[in-house]
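There are 2 protein chains.
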Amino acid sequence: MIRVYVAKHSGFCFGVKRAMNIIDDVAKKGKKKPIYTLGPIIHNPQTVDKLKERGVTPLEDINDINEGTVVLRTHGVEKRFLESLKRSNLDVIDATCPFVSRAQDYVKKLKENGYNVIIIGENNHPEVLALKSQVSGAIVIENGDEISKIKSLKGSKVGIVSQTTQSIENFKGLVCLIMDYFKEVLVINTICNATSQRQESAIALAGKVDLMLIVGGKNSGNTKRLYTLCKRIAKHTHHIETAKEIKKSMLRNVKNVGIAAGASTPDWIVNDVKTNIKKIYKEELKNDRKR
Amino acid sequence: MIRVYVAKHSGFCFGVKRAMNIIDDVAKKGKKKPIYTLGPIIHNPQTVDKLKERGVTPLEDINDINEGTVVLRTHGVEKRFLESLKRSNLDVIDATCPFVSRAQDYVKKLKENGYNVIIIGENNHPEVLALKSQVSGAIVIENGDEISKIKSLKGSKVGIVSQTTQSIENFKGLVCLIMDYFKEVLVINTICNATSQRQESAIALAGKVDLMLIVGGKNSGNTKRLYTLCKRIAKHTHHIETAKEIKKSMLRNVKNVGIAAGASTPDWIVNDVKTNIKKIYKEELKNDRKR
Numbered sequence: 001m002i003r004v005y006v007a008k009h010s011g012f013c014f015g016v017k018r019a020m021n022i023i024d025d026v027a028k029k030g031k032k033k034p035i036y037t038l039g040p041i042i043h044n045p046q047t048v049d050k051l052k053e054r055g056v057t058p059l060e061d062i063n064d065i066n067e068g069t070v071v072l073r074t075h076g077v078e079k080r081f082l083e084s085l086k087r088s089n090l091d092v093i094d095a096t097c098p099f100v101s102r103a104q105d106y107v108k109k110l111k112e113n114g115y116n117v118i119i120i121g122e123n124n125h126p127e128v129l130a131l132k133s134q135v136s137g138a139i140v141i142e143n144g145d146e147i148s149k150i151k152s153l154k155g156s157k158v159g160i161v162s163q164t165t166q167s168i169e170n171f172k173g174l175v176c177l178i179m180d181y182f183k184e185v186l187v188i189n190t191i192c193n194a195t196s197q198r199q200e201s202a203i204a205l206a207g208k209v210d211l212m213l214i215v216g217g218k219n220s221g222n223t224k225r226l227y228t229l230c231k232r233i234a235k236h237t238h239h240i241e242t243a244k245e246i247k248k249s250m251l252r253n254v255k256n257v258g259i260a261a262g263a264s265t266p267d268w269i270v271n272d273v274k275t276n277i278k279k280i281y282k283e284e285l286k287n288d289r290k291r
Numbered sequence: 001m002i003r004v005y006v007a008k009h010s011g012f013c014f015g016v017k018r019a020m021n022i023i024d025d026v027a028k029k030g031k032k033k034p035i036y037t038l039g040p041i042i043h044n045p046q047t048v049d050k051l052k053e054r055g056v057t058p059l060e061d062i063n064d065i066n067e068g069t070v071v072l073r074t075h076g077v078e079k080r081f082l083e084s085l086k087r088s089n090l091d092v093i094d095a096t097c098p099f100v101s102r103a104q105d106y107v108k109k110l111k112e113n114g115y116n117v118i119i120i121g122e123n124n125h126p127e128v129l130a131l132k133s134q135v136s137g138a139i140v141i142e143n144g145d146e147i148s149k150i151k152s153l154k155g156s157k158v159g160i161v162s163q164t165t166q167s168i169e170n171f172k173g174l175v176c177l178i179m180d181y182f183k184e185v186l187v188i189n190t191i192c193n194a195t196s197q198r199q200e201s202a203i204a205l206a207g208k209v210d211l212m213l214i215v216g217g218k219n220s221g222n223t224k225r226l227y228t229l230c231k232r233i234a235k236h237t238h239h240i241e242t243a244k245e246i247k248k249s250m251l252r253n254v255k256n257v258g259i260a261a262g263a264s265t266p267d268w269i270v271n272d273v274k275t276n277i278k279k280i281y282k283e284e285l286k287n288d289r290k291r
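Residue numbers (the working numbering), protein chains in the order written: chain S, 1 to 291; chain A, 1 to 291.
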């Protein structure tokens, strides 16, 4: 017997579900076609491919098009792109996650109140680029090695926000480093509840299983962090995007498998993973064990 | 040979020197006598004794007196005492350390701006009691075991200040714990530079000597923290108040002694300590080594 457990909090979060509903509505309600998303709507290539089949195309540059509807991705959009969109004839539908929008509002509020703005997150992640673009002079810190970046900041006040999908440990560790440089530090913990819940329940499950599979886009920041966090707990942790990546060798001598899916991973991929684990076990491993 | 080193930053800080000058002025300029201090002016019993000889008496309760001049201690004074003083006929001279006054101002500003106020410091230290008295509902956290105290706070915003003589490690550690409970945390690092400098140079010296002597009042919070910090580095660390506490046994097999004095320790005590170390070595230990 092989047992498969899925983390208590796993898969599509509120912001992703909302974006999927928005896209559905846009497709159904006969908005101006063609329909585009500015960058992939979420960081899940399989979902993006399914949307392509329905006529929703991810764009890298809005200058490539001059008609249709553009849906803004969950991660938010850099200010310069929003400004170009305003000047264009394109219809715009905003699917930015409300928690991301709130983080953007905090960035602006901090700057208005005289704080230097520091964003803790991945330098090149679209959410972080969009957060950074809200004000001039914001600095992004991804890890402790980048702390010297803040030396250019003048004044004694900094305000810190987080990419919504950071791990609380990285966030707190960097806040502590930043506290060495500034007398006044306003910390706005903009990590969303979905992130904390997914991380906590993945860690809890990783401690109880022989194999941990983290399922989600290889480009998904929150999925990558689930992997990093679980890898510390369970040596046999793998990050896979689809069921096809499960190898017979992964399951050898495994009795209990844990699955945790990123916030942008659809249920059907998780179900495929479960099915494939049982199939491989039944067809290839069950008999090995009996021998 | 025995070598004695004094930490680079050691002894009277700015606020203590200032208070001593104020007391001198008060004694000289013929203020209304008798002269009192509200509690010991600084946490150094020997200095307080010398002031008593000059007619400056520490008071516990201002209701015990009805004439003369009251000097407010470096640590600041609880609001209720200040209010009693205002209603009295006593002359009041304020020797509160300006860095402590600034921390008190921050406490009030935080409360005015809708923040729950948390003070990181010793529950029963006069500075902390005075800080806490500035506003209603402020909570004091001394260490991680007290974190449950903050559960009674309502709302999502807390502002944190520190007793000016805390160690940055304890402060940062508690800030991290508090961050688990609140989305918005405004951290005002009110630890004064003199504290950081004394702690850093004591730690640096402790790493280089065979024996570390921390010199200062047994009731002095900042001296106690120098002891705690150095004890982690140098096994042979002792907290002494005066030269009399140096024992021959402490110096046995010691070649290098480090001295760090608290912010309220006068130079003459440090000099006595140096002299006594050399005297004990010369008279009692030098010959032991030759044998």
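None of these hints come from the bench; they were simulated from the model.
Mixed in with the good hints, there may be bad ones.
Same chains, same label: a pair holds when it works inside one copy or across any pair of copies.
In silico PhoX-like links for lysine-lysine, alpha-carbon gap of 25 Å or less [stated by the list, open to error]:
1) K108 / K157
2) K172 / K157
3) K8 / K183
4) K86 / K109
5) K109 / K183
6) K17 / K183
Status of the hints after comparison with the structure:
1. Within a single copy, K108 and K157 get their C-alpha atoms as close as 15 Å, and across copies as close as 18 Å, so both meet the 25 Å cut-off.
2. Both within a single protomer and between protomers do K172 and K157 lie at most 25 Å apart by alpha-carbon distance, with minima of 18 Å and 17 Å respectively.
3. With identical chains, the CA atoms of K8 and K183 are at most 25 Å apart between copies only, with a shortest distance of 23 Å across copies and 40 Å within one.
4. For the identical chains of this complex, K86 and K109 are intra-copy neighbours only, at 23 Å inside a copy versus 41 Å across copies, given an alpha-carbon limit of 25 Å.
5. Taking the shortest Cα distances, K109 and K183 sit within 25 Å of each other both inside one copy (19 Å) and across copies (15 Å).
6. For a Cα distance limit of 25 Å, the shortest separation of K17 from K183 across copies, 24 Å, qualifies, whereas the shortest one inside one copy, 41 Å, does not.
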